[in-house]
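Protein sequences appear in the order of chains G and E. Heads up: the first sequence runs through residues 1 to 786, numbered per the UniProt record's numbering. Heads up: the second sequence runs through residues 1 to 460, numbered per the UniProt record's numbering.
Don't take each hint at face value.
[What the hints assert, rightly or not] If you want the footprint, here are the derived chain G segments under chain E, 3+ residues with CB under 8 Å:
no., region
1, 194-203
2, 296-306
3, 479-492
4, 499-507
5, 516-529
6, 645-655
7, 670-680
Keep in mind the hints are simulated off the structure, nothing from the lab. Every residue, glycine too, gets a C-beta built ideally from N, C-alpha and C.
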Amino acid sequence: MSHLSDRPGDAVVGLALPHESAALHVTGEALYTDDLVIRTPGALHAHPVCSPHPHARVSRVDTEPALAVAGVVRVLTADDVPGINDAGVKHDEPLFPEIVMFVGHAVCWVLGETLEAARLGAAAVEVDYEQLPAVVALTEAIDAESFQGGQPVVTRGDVEQGLAGAAHVFSGITEMAGQEHFYLETHASLALVDEGGQVFVQSSTQHPTETQEIVAHVLGRQSHEITVQCLRMGGGFGGKEMQPHGFAAVAALGATLTGRPVRLRLNRTHDMTMTGKRHGFHAQWRVGFDDDGRFTALEATLTSDGGWSLDLSEPVLARALCHVDNAYWIPHVRVHGRVAHTHKTSQTAFRGFGGPQGMLVIEDVLGRCAPLLGIDPVELRRRNFYVDGQATPYGQPVRHPERVVAAWDQVLETGEVARRRREVAEFNAGHEHVKRALAVTPLKFGISFNFTAFNQAGALVHVYKDGSVLINHGGTEMGQGLHTKMLQVAATSLGIPLQRVRLAPTRTDKVPNTSATAASSSADLNGGAVKDACEQITTRLREVDAGRGLAWDDLVREAYFGRVQLWAAGFYRTEGIHWDSTAMQGHPFKYFAYGVAAAEVEVDGFTGAHTTRRVDIVQDAGDSLSPLVDIGQVEGGFAQGVGWLTLEDLRWDESDGPGRGRLTTQSASTYKLPSLGELPDELHVALLEQAHEDGVVYGSKAVGEPPLMLAFAVREALREAAAAFGPEGTSVDLPSPATPEAVFWAVEQARTSGPDHVVDGLPGIVPDPPDPDAPALHPTSERSAT
Amino acid sequence: MTEPHITVNGRPRALGATPAHTNALDFLRGLGLTGAKEGCAEGECGACAVMVARPDGEGSRWTPVNACLVPAAALDGQEVVTAEGLGSPDDLHPVQAELAERGGSQCGYCTPGFVCSMAAEYYRPGREDFDLHAIGGNLCRCTGYRPIRDAAAALGPAPADDPFAERCMHAAPASVPTRLDDFARPADLHDALALLAEHPDATVVAGSTDWGVEVNLRGRRASYVVAVDRLPELRQLVVGDEIEIGAALTLSEVEAGLGGSVPLLDRVWPLFASRLIRNGATIGGNLGTASPIGDLAPALLALDARLVLASADGYREVALADYFTGYRESVKRPDELIRSVRIPTPLASHTTFRKISKRRLDDISSVAVAAALDVVDGTVARARIGLGGVAATPIRALATEAALEGRPWTLDTVEEAAAVMAGEGTPIDDQRASAAYRSAMLGNALRAWWSEGSQEGESR
């Protein structure tokens, strides 16, 4: 057992504590970025002028009419940018564009004394556009070969050989929609110019350091002149990893030009039409099985819908390719990926970061092929699990594959799956118009940033003379409970009660060069850094104590008078990982997180409406740092995944009409999130026992993203319930999202034994081959090469 | 007359020069009470929910509403309580304590709104179990709702000395006639009609659940707003030879007032938006906007309802079936107000309401079907079917009605009528549903009704 994962007997980690801000949340006292405006006298308000076209050259911008509107103070345009006119790190995202690339793209921003003035001013700005052809649908982009960025390939073995030797070869196409983050807090920034001309930006950002860098390059300043702070966010889910930078830069630019604080907050319409979402994917696949239903080969081409700029599309794609295997051993693999360029919002990080899309492909394959193979899907999945000694297609040994089996067996047993599946069969035999199904799916998710450099973190721990402790770390709080865990880590490491530790807001002037709070790894990374800082202090204190066993307060006081340093900066980097993004081979993940879910659904054959009757989950969270927080992550991630797969329906106008390129579901009334009514009648969640993870802070595991993919169980159950309306052995091609309408048509397809979309035999649907001239991913593709 | 003000968490706050387009949420946040949040600005997420003291018999009742939809001016003279007013971090309200301890908050942004919705339910007179529909209009993106459901289930009765429970023993604030530059709350119907004559371009609002969305998301501004939701003449509910429902009663008030006497409407209520919206939206407003979907309209068409329209010239009665003239258009003149809705009795023997939507609860219909049949000796003597979402207005399914009337109430008749019904209206493809699905749902509505009835042994 490593020192890092060793947990003392009386640890504060492992206690089921409520969120550290819970009392502030419930009383409305917790402050979010936009709550600071009323506390900031003289703030100006920013409003965008948004393009109504998906692709057009801006031929004229006249801001004069806006300046004539009462209360309008200034209009920010490209001419105002002293530094680099770009909101990204790849320099493909002009902040004030000459060519607009999607409906909603901000041409300029109006600053007003009130939001109303800024809004009216924005309406008064005159913009002329020369419209250009637009690529909207992902399939249009594929047909037009409209791609951007690198085209990676993950290969192992010989796919042709694997397919040729297979007893069964099937091929098909799998499409899945994107997903709007719909964090309840929309993007917000508040910038002001500090003493000495320094810029202070409060931002709802998951990546304060990168926000700082973008603000600096837009303003033409150095990073040390910019401070970014994030108190907390009202949800992030990846949507605030790269997307906040431009908004922060606009606010900062306005503040430097006017000398007044500038507030920029997107309303929901702006947030939905201007910011990126989960990537929709299109996948062509061919798969071989042996007589027992074991995979022999998988060939696939995955194309993601990247939107108008690269953003995080390449690393999202890389993670998708690295998760196509999910928990299954596939001897021969060739999976090729590319990013479509479309005139839509720039799709970005979203909980799972491509992992869900990759895994959905293989789960879709299994769900559609099981009836054709005549093998029970529960058995088919179980039969293909990794076993010890096997490695992923990208060459990383799969450690602890037995944990999937343990979780699987536990779900089957505690969920009484065998008995309930018999009951489902009886129910279905007795009901013509309503059918039930119970499906079980596993998950395996790699933890760490693929890009090795991001796997580092810093922390600052202060012990004051009175024995109280203040900690800072580089991670941001968006509801995931990171701060709660960090307080527990500090209290454990210092051996003091939790109440003695306070956590200060995330700021770039406290901990520099931080990584995004992303990839589920923030507790691993920042926990390691906090622990390191605490241990430096306890090492010094141990010398002061010299075995006397002094009480904490006495020890601290004595150390101070003995001129012993009572604070420390901690650092952590994940050991043992490496990744060649050009070859798509290596050991990118510190470990894998595992989980299993069983879901029982009921489908109404008249409408396709469906309900989830019961869900059983076992999730591997290692030795949990904070079980209440982790259970919350499991349940919330699961619900969000169910939303993505069964309800949330992003619709873009793909017609040739005047609304082409417009997001038609751009509000809460047209884009429906799961509500209380979608909560399963019964939900049983357990964390896997005996799950200590060696080499991770206090033996824990990451839990932010993986549970999202537990929702596959619901999707597979819906597929099986739809199939139950048809004859035995019906293979159902279930669209994603499986809205009631989609399920209804799937039921109709099953009833009428409609066209089977799976092609049996070779050559079948041959996935597009990799483009030999396409660039590979670069080692720094996650960020700029600068 | 005192200066226009709202009592917020027990403290009077002057409305001052607040324009009519400033909603209560922005007003409260401008006071520094930033607990209530703007999540969607259209009453869909509940992050802005606050409690308002509303009349309830002799006493009052804490009623949660979406602060983002209500003009601040509409709360002149009223009492509002926010999450900050319910408790403090050192002294949590029971609802706050349960939510906090059980992990009911993650990011915390939706939480103050949940707290207000839950607290209002906590103080509901006669509450035994917590009605989860009370929080159906609050969205949480983090938790998956299970800990929130558990927190709700764990709530005991309010202690007798609880100040908010105490407050319910006393009358709610009276309606205050308000005159601001661009907002007026007339004292009675006579005043209201006079104001409308004086301001022909005025925007009439009641709960503002529709108008508030226009203001917030589409930047619409009224030259003059007239609030009619407290007009006493529009707030009567009489159940006698016919049922007469005042147009300014909120849907929650109608639901409570009818007390289950119209079974068809009892099937509508849980599917009509959310409790937060039903606490604001009025029956008159729902018909006044003349939305092609408006779930109440199909139900009232099936019930053969008539509208009483009031103007300075007096009253006139219009059959609802003759009321809608086009997309969001009706026979109501700008100088007229809907005074009440009349439903003839006896009610039909067999009624149903079916709503097809993406999300089961709190969603806008793709298709809504309401049917009322009089079945006499096994034969359909009379059929009334109202449809929403399949034409520019809510419509009657006249061909289907004809296919049913005089026929035996059997599966064969249902199948034949279902085939006719699938051809009713002129459904379109949009982001909610395809035209083909809408048509299929029309036909299946009758089949599902029959199936439900035949399987349960009776048709309702």
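Results for each hint:
Only residues whose C-beta sits within less than 8 Å of a C-beta in chain E count toward coverage, and the region 194-203 of chain G has 0 of them, not enough to reach three; the restraint is violated. Coverage of the region 296-306 of chain G by chain E is violated [criterion: at least 3 residues with CB-CB distance below 8 Å; count 0]. Counting residues of the region 479-492 of chain G whose CB falls under 8 Å from any CB of chain E gives 3; the rule of at least 3 is met. Counting residues of the region 499-507 of chain G whose C-beta sits closer than 8 Å to any C-beta of chain E gives 0, which falls short of three, so the coverage hint is violated.
A stretch counts as covered by a chain when three or more of its residues have a beta carbon under 8 Å from one of that chain; for the region 516-529 of chain G and chain E the count is 0, and the coverage is violated. Given as covered by chain E, the region 645-655 of chain G passes the check, having 3 residues with a CB less than 8 Å from a CB of that chain where 3 are the minimum. With 9 residues having a Cβ less than 8 Å from any Cβ of chain E, the region 670-680 of chain G passes the three-residue criterion, so the hint holds.
In summary, the structure is inconsistent with hints 1, 2, 4 and 5 from the numbered list given earlier, while agreeing with the others.
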